[in-house]
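S.K.: Each chain is listed here by its residues.
There are 2 protein chains.
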Amino acid sequence: MSEPLEAKRQEFRIYLRKIRSYEEALGVLYWDLRTGAPKKGADMRSEVIGSLSGEMFRLSVAPQMEEFLNYFEQSEIREQLSEVDRVIVRECRKEFDRSRKIPPERYEEYVVLTSQAETVWEEAKKKSDFAMFKPYLEKVVAFNREFIGLWGYEGHPYNTLLDMYEPGMTVDKLDRVFGELREKLVPLSAAIRERGDAPDTSMLRQTFDKDRQKQFSLMMLGQLGYDFDAGRLDESVHPFATGLNPGDVRITTRYLENDVVSALFGTIHECGHALYEQNISTDLYGTPLCTGTSMGIHESQSRFWENMIGRSRPFWQRYFPDLKKLYPEQLANADAESFYRAINVTKPSLIRIEADELTYNLHIMIRYELEKALFGGELAVEDLPRAWNAKYAEYLGIEPSNDGEGVLQDVHWSSGGFGYFPSYALGNMYAAQFMQAMRRELGDIDALVGEGRFAPIKDWLVDKIYRYGKLQTPGEIVSRVTGEELNPSYLIAYLEEKYRDIYKL
Amino acid sequence: MSEPLEAKRQEFRIYLRKIRSYEEALGVLYWDLRTGAPKKGADMRSEVIGSLSGEMFRLSVAPQMEEFLNYFEQSEIREQLSEVDRVIVRECRKEFDRSRKIPPERYEEYVVLTSQAETVWEEAKKKSDFAMFKPYLEKVVAFNREFIGLWGYEGHPYNTLLDMYEPGMTVDKLDRVFGELREKLVPLSAAIRERGDAPDTSMLRQTFDKDRQKQFSLMMLGQLGYDFDAGRLDESVHPFATGLNPGDVRITTRYLENDVVSALFGTIHECGHALYEQNISTDLYGTPLCTGTSMGIHESQSRFWENMIGRSRPFWQRYFPDLKKLYPEQLANADAESFYRAINVTKPSLIRIEADELTYNLHIMIRYELEKALFGGELAVEDLPRAWNAKYAEYLGIEPSNDGEGVLQDVHWSSGGFGYFPSYALGNMYAAQFMQAMRRELGDIDALVGEGRFAPIKDWLVDKIYRYGKLQTPGEIVSRVTGEELNPSYLIAYLEEKYRDIYKL
Numbered sequence: 001m002s003e004p005l006e007a008k009r010q011e012f013r014i015y016l017r018k019i020r021s022y023e024e025a026l027g028v029l030y031w032d033l034r035t036g037a038p039k040k041g042a043d044m045r046s047e048v049i050g051s052l053s054g055e056m057f058r059l060s061v062a063p064q065m066e067e068f069l070n071y072f073e074q075s076e077i078r079e080q081l082s083e084v085d086r087v088i089v090r091e092c093r094k095e096f097d098r099s100r101k102i103p104p105e106r107y108e109e110y111v112v113l114t115s116q117a118e119t120v121w122e123e124a125k126k127k128s129d130f131a132m133f134k135p136y137l138e139k140v141v142a143f144n145r146e147f148i149g150l151w152g153y154e155g156h157p158y159n160t161l162l163d164m165y166e167p168g169m170t171v172d173k174l175d176r177v178f179g180e181l182r183e184k185l186v187p188l189s190a191a192i193r194e195r196g197d198a199p200d201t202s203m204l205r206q207t208f209d210k211d212r213q214k215q216f217s218l219m220m221l222g223q224l225g226y227d228f229d230a231g232r233l234d235e236s237v238h239p240f241a242t243g244l245n246p247g248d249v250r251i252t253t254r255y256l257e258n259d260v261v262s263a264l265f266g267t268i269h270e271c272g273h274a275l276y277e278q279n280i281s282t283d284l285y286g287t288p289l290c291t292g293t294s295m296g297i298h299e300s301q302s303r304f305w306e307n308m309i310g311r312s313r314p315f316w317q318r319y320f321p322d323l324k325k326l327y328p329e330q331l332a333n334a335d336a337e338s339f340y341r342a343i344n345v346t347k348p349s350l351i352r353i354e355a356d357e358l359t360y361n362l363h364i365m366i367r368y369e370l371e372k373a374l375f376g377g378e379l380a381v382e383d384l385p386r387a388w389n390a391k392y393a394e395y396l397g398i399e400p401s402n403d404g405e406g407v408l409q410d411v412h413w414s415s416g417g418f419g420y421f422p423s424y425a426l427g428n429m430y431a432a433q434f435m436q437a438m439r440r441e442l443g444d445i446d447a448l449v450g451e452g453r454f455a456p457i458k459d460w461l462v463d464k465i466y467r468y469g470k471l472q473t474p475g476e477i478v479s480r481v482t483g484e485e486l487n488p489s490y491l492i493a494y495l496e497e498k499y500r501d502i503y504k505l
Numbered sequence: 001m002s003e004p005l006e007a008k009r010q011e012f013r014i015y016l017r018k019i020r021s022y023e024e025a026l027g028v029l030y031w032d033l034r035t036g037a038p039k040k041g042a043d044m045r046s047e048v049i050g051s052l053s054g055e056m057f058r059l060s061v062a063p064q065m066e067e068f069l070n071y072f073e074q075s076e077i078r079e080q081l082s083e084v085d086r087v088i089v090r091e092c093r094k095e096f097d098r099s100r101k102i103p104p105e106r107y108e109e110y111v112v113l114t115s116q117a118e119t120v121w122e123e124a125k126k127k128s129d130f131a132m133f134k135p136y137l138e139k140v141v142a143f144n145r146e147f148i149g150l151w152g153y154e155g156h157p158y159n160t161l162l163d164m165y166e167p168g169m170t171v172d173k174l175d176r177v178f179g180e181l182r183e184k185l186v187p188l189s190a191a192i193r194e195r196g197d198a199p200d201t202s203m204l205r206q207t208f209d210k211d212r213q214k215q216f217s218l219m220m221l222g223q224l225g226y227d228f229d230a231g232r233l234d235e236s237v238h239p240f241a242t243g244l245n246p247g248d249v250r251i252t253t254r255y256l257e258n259d260v261v262s263a264l265f266g267t268i269h270e271c272g273h274a275l276y277e278q279n280i281s282t283d284l285y286g287t288p289l290c291t292g293t294s295m296g297i298h299e300s301q302s303r304f305w306e307n308m309i310g311r312s313r314p315f316w317q318r319y320f321p322d323l324k325k326l327y328p329e330q331l332a333n334a335d336a337e338s339f340y341r342a343i344n345v346t347k348p349s350l351i352r353i354e355a356d357e358l359t360y361n362l363h364i365m366i367r368y369e370l371e372k373a374l375f376g377g378e379l380a381v382e383d384l385p386r387a388w389n390a391k392y393a394e395y396l397g398i399e400p401s402n403d404g405e406g407v408l409q410d411v412h413w414s415s416g417g418f419g420y421f422p423s424y425a426l427g428n429m430y431a432a433q434f435m436q437a438m439r440r441e442l443g444d445i446d447a448l449v450g451e452g453r454f455a456p457i458k459d460w461l462v463d464k465i466y467r468y469g470k471l472q473t474p475g476e477i478v479s480r481v482t483g484e485e486l487n488p489s490y491l492i493a494y495l496e497e498k499y500r501d502i503y504k505l
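Order-wise, the sequence lines are chains A and B.
If you count the first sequence from 1, position 14 lands on 14 in the working numbering, and the numbers rise without skipping.
If you count the second sequence from 1, position 184 lands on 184 in the working numbering, and the numbers rise without skipping.
None of these hints come from the bench; they were simulated from the model.
There could be a bad hint or two in this list.
The list makes no distinction among identical chains, and a pair is therefore deemed to hold if it is satisfied within one copy or across any two copies.
Straight-line alpha carbon distances no greater than 27 Å define the calculated DSS-like cross-link-like pairs of lysine-lysine that follow [said to hold, decoys possible]:
#, residue 1, residue 2
1, LYS127, LYS391
2, LYS210, LYS101
3, LYS94, LYS173
4, LYS39, LYS458
5, LYS18, LYS40
6, LYS40, LYS464
7, LYS504, LYS210
8, LYS8, LYS214
9, LYS18, LYS134
10, LYS39, LYS214
11, LYS101, LYS458
12, LYS391, LYS464
13, LYS126, LYS101
14, LYS504, LYS134
15, LYS127, LYS504
16, LYS39, LYS18
17, LYS94, LYS127
18, LYS391, LYS325
The model shown is predicted, which means the values in this text are computed figures rather than measured ones.
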């Protein structure tokens with residue numbers, strides 16, 4: 001590499017680290033707000049967040065950024081760059097163009113709108129009053145249509161939104177994979193509710209001391225390989241994981257006294273996200289590539305650890321005795337098998353975030369189809385409640401009695417997060433596909449889990465996925481690791497096998 | 001006010017709020033580092049802190065700041081400003097000049113030096129090796145002498161350093177007040193150790209469950225009027241208070257299992273700082289005046305609440321029964337009076353931070369005299385250990401057996417904090433002087449404390465001191481509240497009365 005190029009490269013890295021500094025500071029501020037910041041300080045804290053966010057945005061669209069990008073994109077320069085640097089330039093260009101194509105005054109209006117829309121949504125959800133939320137949602141959708149116009153799109157307008165969360169994902173691909181899922185999972189879910197032998201879940205709903213739940217969660221984090229020198233566990237209303245930097249990846253959970261597994265599975269889920277962020281390769285530190293590659297791949301890790309490991313039979317064969325020691329009275333009449341069946345109960349329900357592993361995918365599919373229709377121009381905002389309810393009847397066999405437990409249940413749309421929902425189901429599909437590859441290469445995974453030996457599993461994931469951070473796209477990772485494109489049949493097979501066994505079908 | 005002036009005024013306020021945003025963000029980052037941030041994230045967190053500090057500094061010395069100041073300092077503009085705005089301009093000018101007079105490259109060298117010096121000091125303290133620390137300390141002192149030359153000084157070079165922590169404080173004033181203190185407190189301390197009836201302190205050194213200590217600390221914060229909606233209590237190695245904004249003033253303490261009062265008095269001490277910051281007038285919010293006016297006045301509040309309230313007889317007449325309920329076995333043979341005497345034991349000791357209320361002032365006086373001599377050119381760094389030990393022998397009647405428990409004990413000098421120490425003793429003097437004024441105006445303070453009625457006391461302090469923030473100088477506050485200048489005789493009278501009673505002299 002030539003000397004001036006190397007100097008420029010270093011200058012660029014420093015510039016990117018400065019942006020990253022704002023990102024990390026903002027991460028700490030958000031974490032703090034959600035884990036116990038006193039309420040009277042919130043107004044001034046918002047001002048701080050606004051100020052720092054503004055500065056970070058300014059840096060990311062500054063003329064200096066454009067100069068860097070133009071320089072490194074020259075073909076004779078580009079070919080001298082390392083792979084890491086090339087991907088950094090590509091990702092920064094993508095972000096830069098996305099940000100610069102929106103007129104700043106329109107973007108500011110949009111930020112104000114979504115902030116109002118979230119507040120109105122909260123109220124509307126409480127009152128089950130879609131009419132109240134409708135004008136705001138219409139504006140949010142209109143803004144997103146306008147942005148898609150400015151950004152451009154290929155194929156379907158919704159593709160541009162999908163790409164923000166899952167680079168490379170398209171309506172064509174999702175139609176295909178969701179089609180396969182629907183074809184198999186809708187009948188499976190129906191068969192279970194018609195002929196299945198439902199597990200007894202009464203043991204789960206007793207009183208379980210919170211301190212002991214915490215003790216069990218902490219123990220489990222240690223078992224799974226979460227690095228406490230590079231993270232901490234706190235409490236918050238909604239569990240989350242936040243990677244401030246790879247040496248500081250925090251998770252939170254929420255202890256419910258009347259539910260023995262909610263906090264535990266929340267912890268394991270966030271642990272999956274955290275293992276990803278804690279194990280990114282050091283040569284990506286301080287760069288924009290030092291994070292998970294997409295929402296879908298991230299979600300594949302939280303769901304892999306939560307569901308495929310944490311809700312598996314060998315896991316509870318190993319850990320049920322430990323749990324029983326903590327709650328000898330409550331679990332007196334339960335054993336590993338009955339507990340395993342109880343925590344895997346599946347039942348059509350109205351609320352996505354309370355859904356089980358099987359029906360969860362159907363909740364997502366509904367949202368995907370509605371969003372696609374909205375941005376394809378086939379559905380108007382005012383028709384959403386009707387369309388929502390019809391799909392719930394079709395896929396899950398139940399219908400919301402009001403919009404609060406229907407179309408108003410999720411926060412995503414009020415904040416403009418269209419295109420995000422598919423990540424959750426993609427995560428499930430990726431996870432099953434990775435598991436298949438892992439079984440091929442590591443052999444008897446169930447035996448490892450049954451012995452509480454998670455290190456080989458974690459190490460495999462680090463080697464195959466985590467260390468790459470954002471250096472490879474989701475598509476590149478899936479192809480390299482599994483030898484094929486995204487394929488929903490692994491998830492289908494996994495769910496068929498697991499649930500037919502549990503429900504004795 | 002004219003329209004363009006009003007527009008400029010608002011523009012300036014926005015500029016200052018932006019600087020404040022960085023300050024608050026940095027406050028959260030420091031709080032986080034000290035209350036449990038995972039250690040592996042520390043390096044990248046330092047980079048974030050460096051980046052944000054740099055940006056904040058840049059804003060505070062930017063040409064735009066100078067333009068604002070030049071504009072508002074024009075006499076026809078200045079006379080249209082409110083008092084608040086005038087003081088803001090005055091304080092910003094002071095800061096601006098102080099920062100601008102140091103060449104940036106010299107300042108950067110200094111920052112690097114003090115960072116190294118702190119690391120070396122830590123090691124040197126452990127090894128009691130002054131020679132190891134000496135070359136660093138010499139450089140830190142030389143830098144401070146150079147800065148004083150650039151800043152200028154009146155009377156004594158050390159005055160410029162004193163003014164940084166206690167605006168308006170001078171060697172002349174301190175010589176006078178410390179002279180009076182020394183004249184009375186050195187003989188009092190000597191008389192106590194020669195003829196005093198020493199309290200039995202064995203009850204304090206048993207095993208005291210930490211959760212119960214925490215419970216007692218939290219209860220006490222509530223009693224004293226600490227607002228938990230505008231703060232929180234955490235744990236850290238060294239207790240501290242941090243006012244992120246008036247709606248978020250956090251405190252920390254440290255629970256020692258073998259000491260029943262250490263955490264409690266740490267909590268009450270920091271609560272005093274926090275009450276000050278929580279109760280600043282809303283019209284100062286978001287301005288540089290929204291903080292305590294000086295280190296000395298701040299320390300007066302922590303010490304007022306910790307010592308004059310928390311270590312008083314009526315306080316323990318009221319709360320000892322509550323404490324005894326938590327530790328019935330350990331305190332079985334104690335009563336309020338014996339406990340009161342035990343927690344007020346005084347004894348010459350070598351370590352400042354472990355010193356009692358009476359001898360603490362002597363520790364400060366020693367440091368003041370040495371700093372004054374260093375910057376007056378009468379003492380060389382290499383002669384510090386000898387001078388230190390001689391003064392301990394003279395004022396406290398004891399001598400360190402090594403430099404680790406002598407001249408190397410405090411962190412302040414390694415980080416260049418010359419001029420800071422006097423604040424602690426000033427705090428004691430101010431506190432006693434305020435107490436005198438409070439007794440004049442509120443009547444029987446002891447009766448209020450004995451009933452646990454702290455609201456009138458807090459309200460008086462809010463009205464007289466807290467709400468002003470930095471709008472008045474320490475000198476202005478003391479004169480307005482007490483009707484006279486700083487006067488050490490109140491502290492002397494308070495200590496004479498308290499300790500002669502306890503030691504039956």
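S.K.: Please go over all the hints and tell whether each is borne out by the structure.
M.R.: Results of checking the hints against the structure:
| no. | hint | in the structure |
| --- | --- | --- |
| 1 | LYS127 - LYS391 | within (22 Å within a copy, 74 Å between copies) |
| 2 | LYS210 - LYS101 | neither (50 Å within a copy, 57 Å between copies) |
| 3 | LYS94 - LYS173 | within (22 Å within a copy, 64 Å between copies) |
| 4 | LYS39 - LYS458 | between (39 Å within a copy, 22 Å between copies) |
| 5 | LYS18 - LYS40 | between (30 Å within a copy, 20 Å between copies) |
| 6 | LYS40 - LYS464 | between (46 Å within a copy, 23 Å between copies) |
| 7 | LYS504 - LYS210 | neither (34 Å within a copy, 52 Å between copies) |
| 8 | LYS8 - LYS214 | neither (49 Å within a copy, 54 Å between copies) |
| 9 | LYS18 - LYS134 | neither (40 Å within a copy, 36 Å between copies) |
| 10 | LYS39 - LYS214 | both (25 Å within a copy, 22 Å between copies) |
| 11 | LYS101 - LYS458 | neither (41 Å within a copy, 55 Å between copies) |
| 12 | LYS391 - LYS464 | neither (38 Å within a copy, 66 Å between copies) |
| 13 | LYS126 - LYS101 | neither (37 Å within a copy, 59 Å between copies) |
| 14 | LYS504 - LYS134 | neither (45 Å within a copy, 79 Å between copies) |
| 15 | LYS127 - LYS504 | neither (41 Å within a copy, 71 Å between copies) |
| 16 | LYS39 - LYS18 | between (30 Å within a copy, 21 Å between copies) |
| 17 | LYS94 - LYS127 | neither (41 Å within a copy, 55 Å between copies) |
| 18 | LYS391 - LYS325 | neither (44 Å within a copy, 62 Å between copies) |
In the structure shown, a violation is registered for the earlier hints numbered 2, 7, 8, 9, 11, 12, 13, 14, 15, 17 and 18, in ascending order.
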